[in-house]
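> The lines below spell out each chain.
Number of protein chains: 4
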Amino acid sequence: MTVETRAHVYPASGTTAAPRHARIAVLGASGYSGQEFARLALGHPGVTRLQLVSRELAGQPAERLLVGFAERVAGGTGGVATGGAAARAELPAIAGLDAARAAVAAGDVDTVVSCLPHGAWRELAPGFEAAAGGRAEFRVVDLSGDHRASDHGAGDHRDAAADYVYGLPEAFRAAIPTASRVANPGCYPTAAALALLPALELGWIAGPVTISAVSGVSGAGRAAALRTSFVERDGGAELYKAGTVHQHVAEMCMHLGRIAGSAIDVGFAPQIVPMARGILLVANAPLAIQCTPEQAHAAFASRYTGEPFVRVLPAGSWPETRAVAHSNRCDVAVTTMHEGRHLLVSAAIDNLVKGAAGQALQNLNLMLGWPEMTALPVDGVPW
Amino acid sequence: MTVETRAHVYPASGTTAAPRHARIAVLGASGYSGQEFARLALGHPGVTRLQLVSRELAGQPAERLLVGFAERVAGGTGGVATGGAAARAELPAIAGLDAARAAVAAGDVDTVVSCLPHGAWRELAPGFEAAAGGRAEFRVVDLSGDHRASDHGAGDHRDAAADYVYGLPEAFRAAIPTASRVANPGCYPTAAALALLPALELGWIAGPVTISAVSGVSGAGRAAALRTSFVERDGGAELYKAGTVHQHVAEMCMHLGRIAGSAIDVGFAPQIVPMARGILLVANAPLAIQCTPEQAHAAFASRYTGEPFVRVLPAGSWPETRAVAHSNRCDVAVTTMHEGRHLLVSAAIDNLVKGAAGQALQNLNLMLGWPEMTALPVDGVPW
Amino acid sequence: MTVETRAHVYPASGTTAAPRHARIAVLGASGYSGQEFARLALGHPGVTRLQLVSRELAGQPAERLLVGFAERVAGGTGGVATGGAAARAELPAIAGLDAARAAVAAGDVDTVVSCLPHGAWRELAPGFEAAAGGRAEFRVVDLSGDHRASDHGAGDHRDAAADYVYGLPEAFRAAIPTASRVANPGCYPTAAALALLPALELGWIAGPVTISAVSGVSGAGRAAALRTSFVERDGGAELYKAGTVHQHVAEMCMHLGRIAGSAIDVGFAPQIVPMARGILLVANAPLAIQCTPEQAHAAFASRYTGEPFVRVLPAGSWPETRAVAHSNRCDVAVTTMHEGRHLLVSAAIDNLVKGAAGQALQNLNLMLGWPEMTALPVDGVPW
Amino acid sequence: MTVETRAHVYPASGTTAAPRHARIAVLGASGYSGQEFARLALGHPGVTRLQLVSRELAGQPAERLLVGFAERVAGGTGGVATGGAAARAELPAIAGLDAARAAVAAGDVDTVVSCLPHGAWRELAPGFEAAAGGRAEFRVVDLSGDHRASDHGAGDHRDAAADYVYGLPEAFRAAIPTASRVANPGCYPTAAALALLPALELGWIAGPVTISAVSGVSGAGRAAALRTSFVERDGGAELYKAGTVHQHVAEMCMHLGRIAGSAIDVGFAPQIVPMARGILLVANAPLAIQCTPEQAHAAFASRYTGEPFVRVLPAGSWPETRAVAHSNRCDVAVTTMHEGRHLLVSAAIDNLVKGAAGQALQNLNLMLGWPEMTALPVDGVPW
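Chains as they are written, first to last, in my numbering: chain X, 14 to 396; chain D, 14 to 396; chain L, 14 to 396; chain P, 14 to 396.
No lab work stands behind these hints, which were simulated from the structure alone.
Fair warning: there could be bad hints in the mix.
If several chains are the same, the list does not tell them apart, and a pair holds so long as it fits within one copy or across any two.
Quick list of in silico lysine to any residue cross-link-like pairs, SDA-like style, CA-CA up to 20 Å [stated by the list, open to error]:
id, residue 1, residue 2
1, K254, A276
2, K254, G56
3, K254, M267
4, K254, R62
5, K254, E352
6, K254, H351
7, K254, E150
8, K254, A238
9, K254, P221
10, K254, L239
11, K254, A138
12, K254, T305
13, K254, P327
14, K254, R240
15, K254, P130
16, K254, G353
17, K254, P306
Keep in mind that this is a model prediction, so the values were computed, not measured.
Only chain X is shown next, with the shape it has when bound in the complex:
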C-alpha cells in the first residue's frame, strides 16, 4: 500500500497585496456565536469598526451583550483601555437591523457577519444586498445553514450575492480569498470534515461513514428553552435526531463527498452532554485499502503539516475538548481496526470558535488578505 498526500500550499497564494481593513456589522450579536465573534474581532488589528446588531437589544449599551466586559467600571475610567483594538473604545450602543442596513448603504459597514438563526439571513439578504448596491468590496460571512449547500463548485461566481463559497479553509482554502460571500460551515460538519479529510482525499472510504458526536449545550443556541435549562441538562447525556434526520447530515454528505470526489453516505448520532462548549466527534467507516494504524497516522500527519489550526495527536493519544476550548484549533486522531480494514477517526473542536465564530474570522482573514491566524488563538484554555 502506498500512502500519498496531495500537495497543499499554505498560506494561500494571492496574499501579497496589503491586507484590507473591515468595518463589520455582526448580526445576531446576542447569541453565543455573535458574542464570540465580537470578542475575537475586538482583538483584530484590521477591524476598524464593529457594529453589534440585535433586534431584541437594539438601543441598549454594548456591555449588555459582552457579558464580563468591564465598561461599567465605576467612574467610567477603567478597563476599556486594555485589550488593544481601537474599535474597543468606540463600541456604540447596540444597533437594530435598520441601522445596520443604513450603515451598509452609507458605506460605513462593508462586511456583514450574520450569526442569526437558520433562515434569517436568507430573508434579510435582499435588503442588505440592495443597500450594498453591488459594491465589490461588500462581503458577507453567514454562519447559518442557509447557503451551505449552495456552493456551485467553488468557481462559478457570476452572481456573487447568490453564490456562497463553503468556508472550510483546510479543505477549500483556494476559493476563499476571492470570495465575497462565504457560508461558514456548521459545527458538526467542521469536526467531521477535519476528522475525515485525509482519508477522503486519499480515496480510502469504502462505505457508509457513521459519525457519533457529543456537543456542549451552547450548540443549541442562546434562546431560552426548557431543553437547554441547567436542571434538564446537568448530569445527563442525550441522543437526538439520530440516523439521517439531523440538518447537518445533508451538509456533511455534500462536502465530504466534494472532498472525496465521490458520494459519501453519512449516518449521524449527535448527543448533547453537560458542558458549555466543545464537540468531540468519532467517525468510522470501512476502508477501501488495508492500512496499519501507523500508516494512517503518517498519512494524517503528512496531510495536516503546516495547517495552523489542525493538530494530529501522537499515536495512542485521543482528543479532548478542553484542550481546544476557546481556541480555533482542531485536534485529530486516527487508527485502524480489524486488520486495517476499518477506520476510526476522532476530532475535537470548540463549537463556538473553530465550529463558528473563529472559523468565520479565519475566513475573513483569507478574504481580506490578513495572515490566516490573525487574532485567532491556537492554544486551548483547559479549565
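Position chains D, L and P against the provided structure of chain X, taking the given hints into account.
Structure of chains D, L and P alone, referenced to chain X:
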C-alpha cells in the same frame, strides 16, 4: 423480509420454590459499586445480613461508607427506623477481609458480592473458597472483569468455584438460577449487549460493530486520581483507549458473539463526559438484511416484551441517561439507514445500577429465587 | 450560663385515630415541586388517588410529567407494576384545572396540593373552595408564598378557607394536625428556621441575623429562561437580590420572629450555584449570651432530639447538600465565635424535598394522622 | 454624615524609569496557579525567560504542563509562532529544583515565582537565597501562605530575604515597587479585602465581620484527592472549616486590621461548590455610622475610581464569578440594611487569576516598573 423473535420465558422457570435468604458480605464497599449495592440490598426483604467490607476502612462505623445516611442523628434516636429492611438497624462496623473470611467460615455469610477492582477477587477467591469449604449454598457475584471471559458455555459446571456464569439475564437468564458463581457484566458490555441483542439473535449483523459510548466519571472508580478530579473533568469530553484496546472489547466480542452465534468484530470509542453517572451508547453495523426503521423497531419491541428492565423507546425517541438514573432499567432505541442496510442502535443505562450493583442484585434475585425485580427501581430519577 | 431547651412532644398528640386516606389533585404538576410531590405521593400507602393537573399539558399522558418513568415500556406490559402504591397503575391522563375543580365538586378529590407559581393559587382558590362547598374534609397545601404571611397565630380558625397555618412542623407542629389549610414554607425560610430554631427559642439572638445561602438552579422553577439555562449557569456562582429585597425576607422575619417571640431583623444574600438541587445556608448573629461552641452544640442536639428530619452534625462537621439530596432531612451544625458572643449556624436541605414537596407531604401526614415519616426518605443520595 | 475617601495615586509613583525585564523560574508549575502564571507570563513582553519547575515532572516536555498548548502539532511546524512572546518558542523541558537553583546561581534566573504548597518555599528559600548571593535584583513572589503574616509594616527592609511585603496593590500599592520579596495574598483574603476596603479605610466597621464565600474546586489545589474528585463534588455544595479555624482567618484579621487601622474580628464560612474556578464572597458587619445604600455605593465607587482591576457594580447589581472568569478583575457591590446600620458587601474574583497568578503578575509589574495592567486581562470570559 420476515422479522422473527425467539421465544422467551419470563420469569425464569424453576422459581416455584420458596425464595432463599442471603447473608451477604460486600467486598470493596467503599467504592461506588459497593455503596450502590449496599443501598439497594438494605431495601431487599431477603437480605438478612449485610457485612460491609473494606480494607482501608475496617473498624470504622458503617456511616463512613454510606454517605448521606442519617445514623448520626443527634441523640442516636432518629432516622434509622425508616428504610424498611431489618438489616439496616444492625449495620455493624466496617469489617476487614479477615473478618469477612471468618464470617464465611463460620457460616454467618453465605454470599460474597465482590466490588473490588479487577484482579483482586481472583487473588482472594482461593481463601474465601477454602473458608466456604465447598458448601453448596455458598454464592459469589464478582463485579470485576476477572471471570467475565471464563464462561464455558453456561452449562458445564464441574467445578463451581472455577466456573463463572456471565450474569446478563436478558441474554442468558436460564443459566443464572442454577449458578453459584456469577461474573457480573461490565458497564459498557451491558449497554452494548442490550442495544444489539435483538439484532444479534436474529443474525442481522453482517460486519464490524462500531460502538461509541459516553460514560459518567463514576465509571472510573472511586480511587483518588488527577484524571477524575473535578477541575480536570468539568466542562470537557475526552476520548480514550479507542479502537480495540479497551479491556471491555474482549468481553464484548465474546458475549456479543455468543448471542449471535458467530464471531463479531467490535471497535470501541469510549468517552468520559462531565456527569457523575450514566452510559449513553451508540452502535452501528452493516446489516445482512434490508430492514426499514419500522421493522427494526418492531423486532426490538417484540424481543423485549416482558423484559422488566428494558424499555424500547417509541420510534423517533432516543435514549438519555437521566431517564434511567438510579434505576436498573435500560432504554433502547433503533433505526436503520442507507436504504435499510445499516443499523444504528442506542442504549442508556445507569453504570452503577444496571451496569454494576443493580444487575448484581438482579442476578442474586435469580440465584435466590426471588422475583427478578425485587428491590430494584425501574423508574429513573432525572434530576 | 444555663442552656435550656423547651419540651417537645413527638409524634404530635392526637394521632390515635386511624389515619385518613387522601385523594389528591396536584396543581402545577409539570414543575419541579409538582413532579417531586407526585413521585413521593406514589409511594404513600394512604394516597388512593393522584390527579396530575397542568394547564399546559392537560390531556397528555402522565408519563410526560414524570420524566424517567417506565410506562412507555414496549408492549405496555413492563415496569408499572413495581413501585408499590395502587395509585400508580391508575395514573390517568394529565388533567386541566376545570377537571380538577370538577373532581373536587364531585368529591373525587379531597386534597389540593398547589405547586403553582406565586399568586396563582390565591386566584384559583375561590373557585376550588366553592367546589368543595365547605366540606370539612377538604384540605389544601399551598407551596407558593401566597399565604405564608397570613398565619394568625396558629389557633384562630374561624374561616378555614382564609386562614393558612404555616407548615413548618419542627417549629409549629401542634397546629398542623387540626389545620385544613396549610401554607408550605419557602425553601430558604425552611433552611433558615431549622438552622436558627434552637437559638431563637432560647432567646439567644441579640441583633440582626445575616443569612447567606447557595441554591441549586431548580429553586428558580422550571419555566424556560435564559437566566436558568445551562450555559449561563454552568461554571459560575451569582449573588442576587441581596440585602432585604428578596421575597423570602418578609417570610423569614415573620416566622423567625414568631419562634423567637420577638422581632428579628434579617439580611439575606441568596446565591445561585451550578447544581440542580440543594440549599446550603449559613447564618450569623450576635448573641445575647456568652456560649462556647460545645454549649451551643449541646443545646442544638438537645432541641432536635427525636426530630425525625433534623440531624445535628457532630462538632467540627459541617453540612453538605449531597448528604441530604433526595431526602426530607435537614443537616444542621453550629458554632460560636469571638469569645462565644457571636453565633454561626448552617443548614443543608434538598430544596425540592424538605424545601418543598417533602415538607408538603410531611404536613399532609400530620393532617391525615399518618406517622410523620410515611413515604419520606430520610437518607440522602449523594451522587 | 460625610463620606470621604483618601487620595490614591495610580499608577504608582516611581515608574518613570524604563521597565526591567525578568527571567523567571516558576516553582510548582504543575499546579493550577503555576500553570495560570505560566500562561499569563508567556504573553508578557518583559518576560524574557520562563523556566517551568516541577519536582514530579522534571525532564518532561513543557507541553505536559500547559494542557491545551499546541506544541505537538504534526511536523512541529504549526502553532507555536502565535502567542507573541519570544519566550514561548524557547520553552525548554521542565526543570527540577536543582536546575532552578543552579539557574539562579548562574544569574540566568533573577525572579522566582513560587506556586508551591504552603510550607514548601519557606523550606527552599535558604537554598535559593544562597544561590542568589544577595544580588539586589533577585526577586521572589511567593503564592503560599508562608510569609503573608510576616509583613513588618511595609517599610522596614533591612533583610530583604526575610521581609515579605503583602502584595495587595489596591490596599498597599506604595510598598510594592521597592520590594524584592512579595507574599502574594490568598484567594479568599483578596476577595475579602477588596469587598471591605473602602469601609475599612473609612472606619465604618463597628463589630465582627462575618464572611461567607463559595469557591471553585481549583481552590483546593491540583493534588489527586477523593475530596476534589468529580463525583464527590458534582451536584453539591459543602461548608468546611467554618468559624475561625480556616488558615485564611489569621491572614484576613491581620490585613483587614492593617487597612482599618484597628483590630477586626473575622468569622469565616468557606464553601466549595461545583465549579472549576471563581470565588463569590459576601461579608457583613455592623456599622459605626448610619449610611444609606446610595451613600455606601458612592463611597465605594469613589474609592475605586481609577483602580484598573476593581469594578464597582451599579446599585442593584450583584457580582457573579463568570463575569470575572479568566480575568484579573474583581467585581464589588455594596448595600446597607436595617436603617443603614449594617453593611453587606460582595466581591467576585477568579481565584486563579486575581486570587493567585494574575495578582502575582500584577505585583511583578509593579516591582519591575511595567504598567500595572501589562499582560493581565481585565475582561471576563463568561462561558
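> Does each hint fit the structure? Answer for all of them.
Checked hints:
Taking identical chains as interchangeable, the C-alpha atoms of K254 and A276 are never at most 20 Å apart, the minima being 22 Å within one chain and 31 Å between chains. Taking the shortest Cα distances, K254 and G56 never come within 20 Å of each other, neither inside one copy (37 Å) nor across copies (35 Å). In this homomeric assembly, K254 and M267 come within 20 Å of each other (Cα to Cα) only inside a single copy, at 19 Å, whereas the closest approach across copies is 31 Å. Taking the closest pair of Cα atoms, K254 and R62 never come within 20 Å of each other, the shortest separation being 40 Å inside a single copy and 37 Å across copies.
Taking the shortest alpha-carbon separations for K254 and E352, only the inter-copy value of 17 Å comes in at or below 20 Å, while the best intra-copy value is 32 Å. Taking the shortest Cα distances, K254 and H351 sit within 20 Å of each other only across copies (15 Å), while inside one copy they are farther apart (29 Å). In this assembly of identical chains, K254 and E150 lie within 20 Å of each other by CA distance neither inside one copy nor across copies; the values are 40 Å within and 50 Å between. Taking CA atoms no more than 20 Å apart as the test, K254 paired with A238 passes inside one copy only; the shortest distance there is 18 Å, against 24 Å between copies.
In this assembly of identical chains, the alpha carbons of K254 and P221 lie at most 20 Å apart only when taken from the same copy (18 Å versus 23 Å across copies). In the homo-oligomer, the alpha carbons of K254 and L239 lie at most 20 Å apart inside one protomer (18 Å), although the nearest pairing across protomers, at 24 Å, exceeds that limit. In this assembly of identical chains, K254 and A138 lie within 20 Å of each other by CA distance neither inside one copy nor across copies; the values are 29 Å within and 43 Å between. In this assembly of identical chains, K254 and T305 lie within 20 Å of each other by CA distance solely across copies; the values are 17 Å between and 33 Å within a copy.
In this assembly of identical chains, K254 and P327 lie within 20 Å of each other by CA distance solely across copies; the values are 13 Å between and 33 Å within a copy. With identical chains, the CA atoms of K254 and R240 are at most 20 Å apart within one copy only, with a shortest distance of 14 Å there and 26 Å across copies. Proximity of K254 and P130 under a CA criterion of 20 Å is satisfied intra-copy only: 19 Å inside one chain copy versus 33 Å between copies. Taking CA atoms no more than 20 Å apart as the test, K254 paired with G353 passes between copies only; the shortest distance there is 17 Å, against 31 Å inside one copy.
Within a single copy, K254 and P306 get their C-alpha atoms only as close as 32 Å, which misses the 20 Å cut-off; across copies the closest is 14 Å, which meets it.
Hint check: violations occur at hints 1, 2, 4, 7, 11; the rest are consistent with the structure.
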